[in-house]
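Protein chains in written order, with our numbering: chain A, 1 to 175; chain B, 1001 to 1501.
Worth flagging that the hints you see were computed from the coordinates, not collected in a lab.
Note that the structure is predicted; figures quoted are calculated from it, not measured.
Don't be surprised by glycine CBs; every beta carbon is placed ideally from N, CA and C.
Please note that a few of the clues may not be correct.
[To be verified] Here are some chain B residues pointing at chain A (derived, C-beta under 10 Å):
1. Gln1320
2. Arg1364
3. Trp1368
4. Val1369
5. Gln1439
6. Gly1457
7. Ala1464
8. Ala1465
9. Pro1467
10. His1490
[Unchecked claim] Label pairs and their in silico Cβ distance ranges:
11. Trp37/A / Pro1377/B: 29 to 39 Å
12. Trp1397/B / Ala77/A: 26 to 36 Å
13. Trp1397/B / Gly62/A: 33 to 43 Å
14. Trp37/A / Ile1241/B: 32 to 42 Å
15. Pro1377/B / Ala42/A: 30 to 40 Å
16. Val1253/B / Ala50/A: 51 to 61 Å
[Stated by the list, open to error] In silico negatives: residues of chain A with every beta carbon more than 10 Å from chain B:
17. Leu16
18. Leu17
19. Leu23
20. Leu49
21. Leu56
22. Gly58
23. Trp69
24. Trp82
25. Val97
26. Arg100
27. Arg152
Okay, here's what each chain looks like letter by letter:
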Amino acid sequence: MEFPENPAVNMDQLPLLQDVDVLPVDRAYRKMRLLAWGVVQALILVAVLAPFAGQLLGWLDGVNMGLIWIPLLVQFALGGLWFAEEWLGFERRGYAVRERDITYRTGWLVRNTVTIPYSMIQHSELSQGPVSRWLGLNHIKLFTAGGSGNLRIAGLKEEKAQELRGVIDARAGKS
Amino acid sequence: MTDFSTPRRQHPLGIAIISVQFLVNGIRAAWPVLIGITFGGIEGYMLLGIPIVLGLILAGAVAYYWRFKYRLEDEALVVERGLLQRERLLIPFDRIQAIQLFQGPLQQLFGLTGLRVDTAGSTGNELQLVAIGKSEAESLRQRLASNSQAESKTATETSEQSQPNAPANGPDGFNRQPLVILDAKRLIKVGLSQNHLRNAFLGIAIFGSIGSPLESAIESLFGALPSAAILALSALSVLLIVPGLVLFLLSGVVISLGLATFQYFRYRSAIGSEGVQIEMGLVRRNTFQVPYSKVHMTVWKSNWLKRQLGFETLQIRQAQASDQANASLRVFVPAMEAQNRKVVEGILYPDMKEPESFVLSPVRRFRWVMWLAAWAPSLLLFAAWSPAAAWLGTAAWMALTGFTTAKRFGSLQLRAYANSVVLERGWFWRSRTVIKMDQLQGIQWRRNVLLERRGVGHITFHTAAGPKPFVYVSKHEAYALRNHAINRMHSAHSENAQPAF
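Isolated chain A (complex conformation) (with noise of 0.2 Å):
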């Protein structure tokens, strides 16, 4: 293994993760997740107003109507926060394959920009749930040792997924 003797010049050769092109996941992963952000905000919905319902109907006894404003506000400030992330966070979602390593980047909020080479894949997982069969969606995982450096690529096309899946298992375990 040679050294680089001056690094801060080899720096300028190598080839830079930044000016990769990353690929959007598909169109319809952004459905499933609002999907997913729908009906986890309709059941809290439904639990936020469910005292006040019951006061209404006269199940309950007790419950001051005028609260009703705070957990409404507190629920549209966290679910449109959610909302945002999804929205506009869909659109910095993407991965980068390149000769040796994946990336993937994901988040509006709270960004992450996670690289793996491929030589260190242990093996790689493709999953489908029901939702994401009726839209026609695969997600791939890929596993490290160790574990924490392990990458869910998730919402893309099942073409498009077996594809990138041939690319990586052409690759993993080898240089």
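Guided by the hints, dock chain B onto chain A, whose structure is given.
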């Protein structure tokens, strides 16, 4: 040397050890039931159950012993075991993370040795041979170690990753250079430099759980005294605060000494061509052997007391699944002195002799973010105290946390060499973590919107031994470091037929 090519059983005395293991595991699993039975009242016929259970355990142990066979193939350790559900384990030498010989009280009594092999996907004790003869265990260990070493050597030689500074092989094939050897004096020093406060609390917890009869005895004693005497005693009890504190700290020191003796008794460690080797323990003697290529992280830790003695503790961390953080073994080397660190790092990280390529510190203006987080507990004061006292308390708390945050923030430093990354942190409890870039599993760059706008984020190195973050780095520095690290990972593997892991 013993021939391991034919399947062999463990030492017959292993039946006794396996029986005791089964008994302990059984009691551990069934203790709520046992306590329930005790409270329900023990009838005479129940005692008949004891010999029946013991007989069953003995029969199980005999069957387990009979079915348990091991042998060595060219490249792997093969074990067949199980009575009803039979299994055959095959552990390739190059997957062995560490070899541990251990001698619990029973093994010491019988003059036997247990052997444990850790692999990467291990659930902690994937394979244990509980009872084999001493000489047999030693030659088995050497076979396993030399094979895993030979394998990793061929792998490392192609990647020119071999350890040029490691001492050459001696006549037995294993030349070792002693590293840390604890005689009585140094053992006491190690004991004296533990965290006494934590140990004192540990002592109280243990005392609280087993000392309740004593407590009731004291209560009944007090109940017998006239009320005037109790008043006088409670007035005197104020005087007991200082002696009580001294006693508290002293008990901490005593417990520290006891624990250190228990763990580090007759501690011997050596470093050589085949890796790091360590022997330690009083009641349970452990011998660890870790090949260099399986070291994924080294952590040097010290507190103020240890630094006064010139000591550091070294933790050698290996690949482990993150959800089994406690299952995998961690190898400790206490009482490391400055020259020991030089030796170890010189062998493990030869690139450190060159000047570093990067020196990174967190962006200074983010100190206040850390300080802000430290304020939160002072809000509790407002709930408990009067406003004036609470403000005073808050001011004192803020001054203290401001000081400690500044100190801690100032201590954060990252130095990257051609292949090694050194992360330093802490000023009272100091730690220094070293990882190798060509062993990294992944790199993560994380920041929120506000940090992104200021061009700052956190960089996390994912290693097989767990993640290691470095916070509040400027984007340009982090990108340069990331590109360097990624290219190191690739260049190491392009010359290497097999991954180093």
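To see whether the hints hold, each was checked on the structure:
1. For Gln1320/B, the suggested interface contact is upheld, since its CB lies about 6 Å from the closest CB of chain A, less than 10 Å.
2. Hint status for Arg1364/B: violated, given a least beta-carbon distance of 22 Å to chain A, over 10 Å.
3. With a cut of 10 Å, the hint placing Trp1368/B at the interface with chain A is violated, because the nearest CB-to-CB distance is about 20 Å.
4. Interface hint status for Val1369/B: violated, as the beta-carbon distance to the closest one in chain A is roughly 15 Å, over 10 Å.
5. Against a cut-off of 10 Å between C-beta atoms, the interface hint on Gln1439/B holds, since the closest Cβ of chain A lies about 9 Å away.
6. Taken as an interface hint, Gly1457/B checks out: its beta carbon lies about 8 Å from the nearest beta carbon of chain A, inside 10 Å.
7. At a threshold of 10 Å, the smallest CB-CB gap from Ala1464/B to chain A is about 4 Å, leaving the interface hint in force.
8. Interface hint at Ala1465/B: satisfied, since its Cβ lies 6 Å from the closest Cβ of chain A, which is below the 10 Å cut-off.
9. Checking Pro1467/B against chain A by beta carbon gives a least distance of about 4 Å; that is within 10 Å, so the hint holds.
10. For His1490/B, the interface hint holds, since its Cβ comes within 10 Å of a Cβ in chain A; the closest pair sits about 5 Å apart.
11. Between Trp37/A and Pro1377/B, the C-beta spacing of about 34 Å keeps the proposed range 29 to 39 Å intact.
12. Trp1397/B and Ala77/A have their C-beta atoms about 30 Å apart, which keeps the hinted 26 to 36 Å range intact.
13. The hinted range of 33 to 43 Å is satisfied by Trp1397/B and Gly62/A, whose Cβ atoms lie roughly 40 Å apart.
14. Checking the proposed 32 to 42 Å range against Trp37/A and Ile1241/B shows it is violated: the Cβ atoms sit about 57 Å from each other.
15. At roughly 37 Å, the beta-carbon separation of Pro1377/B and Ala42/A lies within the given 30 to 40 Å, and the hint holds.
16. Separation of Val1253/B from Ala50/A is about 57 Å and conforms to the stated range, judged on CB atoms against 51 to 61 Å.
17. Its beta-carbon lying about 6 Å from the closest one in chain B, Leu16/A breaks the requirement of being farther than 10 Å from that chain.
18. At the 10 Å boundary, the C-beta of Leu17/A falls inside the reach of chain B, the nearest C-beta of that chain being 6 Å off.
19. Every beta carbon of chain B lies more than 10 Å from that of Leu23/A, the smallest distance being close to 18 Å; the non-interface claim holds.
20. Once the 10 Å rule is applied to beta carbons, Leu49/A is consistent with being away from chain B; the minimum gap is 31 Å.
21. Taking the minimum C-beta to C-beta distance to chain B, about 36 Å, the non-interface status of Leu56/A holds against the 10 Å cut.
22. Listed as a non-interface residue, Gly58/A keeps its Cβ farther than 10 Å from every Cβ of chain B; the least gap is roughly 38 Å.
23. With a least CB separation of 26 Å from chain B, Trp69/A remains clear of the 10 Å interface cut-off, as annotated.
24. With a least beta-carbon separation of about 14 Å from chain B, Trp82/A lies farther than 10 Å from that chain, consistent with its non-interface assignment.
25. Residue-level check passed: Val97/A sits 14 Å from the nearest beta carbon of chain B, beyond 10 Å.
26. Separation of Arg100/A from chain B is inadequate, the least Cβ-Cβ distance of about 5 Å not exceeding the 10 Å criterion.
27. With a closest Cβ-Cβ approach of about 12 Å to chain B, Arg152/A is found to remain outside the 10 Å limit, as its non-interface label requires.
Figure legend: structure checked against the earlier numbered hints; hints not met, in rising order: 2, 3, 4, 14, 17, 18, 26.
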